[in-house]
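All chains, please: the whole structure from these sequences, using the hints.
As a plain string of letters, each chain reads:
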Amino acid sequence: MTAGGVLLLMTLLFLTFGYMGVPVTFALIAGVLVATFFTPISMQSMIGQLFHGIDAETLLAVPFFLLVGELMAASDVATRMIRLSQTLVGHLRGGLAQVVTVFSMFFAGISGSSVADVAVLTRTIAHDMKREGYDRAFTAALIASASTMANLIPPSIMAVVYGATGDVSIGGLFLAGVVPGVLVGIGLMVYSYFFGPVGVMKKRSSLTEVIVAARGSALPLVIPVIIMGGILSGWFTPTEAGMVAAVYIVVVLIPIINARHIRELPRDFMYAGLLYSLPMGAVAGASAFGWVVAFLRGPDIVANYITAFAGNDGATIMFLLVVLFVIVGDFIDAVPAIIIFMPIIRKLAEVGNINPLHMGVVIVTTLVFGLITPPYGLSLLVASKYVGVGFGKAVVRSLPLYIVFFLTIAFTVTFPKVVLWLPKQFLPESVGCFRSPSGTGYICPP
Amino acid sequence: MADSRALILDRHRHLKWKWLDPLEAGLMVLCGLSIGMFTLTVLCDVVTRTIGAPWLWLQQVTTAFFAWGVFIGMAAATRRLDHFYLTEITKRMTGKPRNAIEIVNRVVVLLVAIAMVIFGWQNALLDLGSFRMPSLIPLTVYTAIVPIAGVLVALFTVEQLVNGWRHGFAGPEDSDDIRETLL
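Residue numbers (my numbering), protein chains in the order written: chain S, 29 to 474; chain D, 4 to 186.
These are calculated hints, taken from the structure and not from any lab test. A couple of the hints might just be wrong.
[Stated by the list, open to error] Stretches of chain S that chain D covers, calculated by requiring three or more beta carbons in the stretch to come under 8 Å of a beta carbon on chain D:
| no. | region |
| --- | --- |
| 1 | 39 to 53 |
| 2 | 69 to 82 |
| 3 | 355 to 366 |
Even glycine gets a Cβ: it sits at the ideal position worked out from N, Cα and C.
Structure, rendered in structure tokens:
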């Protein structure tokens, strides 16, 4: 069988098993094992690849950011941040919708998990939205859309996985994610203001109320400072920053803010332990899958197809990749998608002479969109389940919000200088700059 | 709706043997232990580095806890039916077609688990000759979890196959799960 045939067989088996209801991890491994029969690779080295796929220190950041999200969600500390958001934007038209977006921006700076954000919001503010007359489909659509910011605004689990497997600076990806993350937030606020339900209009909070709410949220809001401050100052790696944030929540935040939750901590850890194994199991399977793709020269095959159409033009290659990943993100979870396609992404970045960091942030922004698109929009699935509305209805209410994501993706592709401005200022090496031989400043690529 | 954070999940009870409940609870405890331990080792890593006396082997211990946690969680999630799924299409089906697809799905998982046991074991034996530097921990210490997880996944899959064959795979929880994917 030709290499292209084996790749096709492996992909078809994965999708067939996956859509029949085999768990993603096992569907991936099953496809890989069958494909291995047609290659000279031994079965034991392929099974060994399951371990090697997760044997990366950088991937350790994933459980920490999941743990942080889980601890924040379970201990009800996040409700203080919701109160702060209410004092800031609760008086605007569509007040609670604005609160959802602003809270998600705050929460995104703490947790790297969109699902944790959905869990907090559906448990708290979704009930108030129902009481104020927001239809449940809109509530689910907005919460899911806003939760995607958790994977754009640092820390982001997708950025960690992309950086770890693509050999791209994770700190750089964190900083580059700020612009698309904020753009999604602003877009959702603008949409809610002009086109969303009106809700119950409230009077503007007084300065004293804002200060009281800000003081109540001060301790949780130290976490983004710990994470990004630690990484940018060079004190911590992203993994260590995640650990410090988790320790801070356990040792400082919960005892001060919600001491009753301390006895629940063993349960939080057990659940977080289970939670992180789910994406990491998929990473193990996907890395074996990606390894076979690379072994069979899949990147060359796909690159030949794409360059036959786009030539070596970076912008066109990136546009085609966006289209590809919008489709891929509809069907496959982002984490395995990143790993499976990484050899192809790297090859195309090289062919089109695209800055790897720019490529990374475009791919992550595109895959984030997949969290709210059918049939496999994880955030929307979870939000519709917990809000108690059919997924189909939530999808229909999400359709206008897709425009926000299209515009954000287009901006991220078109204006690399704006998107990469933050990493260029704080982590110049991450965008390809190197220290000037004279010792002062950096020399950067155009 | 059942508490998804419970030590032993009560969902899909009809697919479970009671005598395997302690094993599920034990695996959940190990999940918590692994994330707790590698939090501790990364903390020690930062502290010892900061005070200028780094323990170089700590990162390797961290990776071991991390990897074991992943595969133990994979096994626990198999019993709790907590894995990521691309679709829950089977839960919208009933009767014989439902049973047939559920059985095929589990046979696929079982075959993968058996491959993890056989080839994972061979791989672990090969790794006896490879060592992590500077701790000189044999690589087998890390990779041995793959066949162990394979055994656990196979056990839980057989449990579901047998019980599903006897009582059918459909359960009262399906309506909750279906709601996720209604289009």
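Verification of the hints:
Look at the region 39 to 53 of chain S against chain D: 10 of its residues bring a Cβ nearer than 8 Å to a Cβ of that chain, three or more, so the hint holds. Proximity of the region 69 to 82 of chain S to chain D, defined as three or more residues with a beta carbon under 8 Å from a beta carbon of that chain, is established by the 9 residues found. As drawn, the region 355 to 366 of chain S meets chain D at 3 residues by the rule of a beta-carbon pair under 8 Å; at three or more, the given contact holds.
This entry satisfies every hint, going by the numbered hints stated previously.
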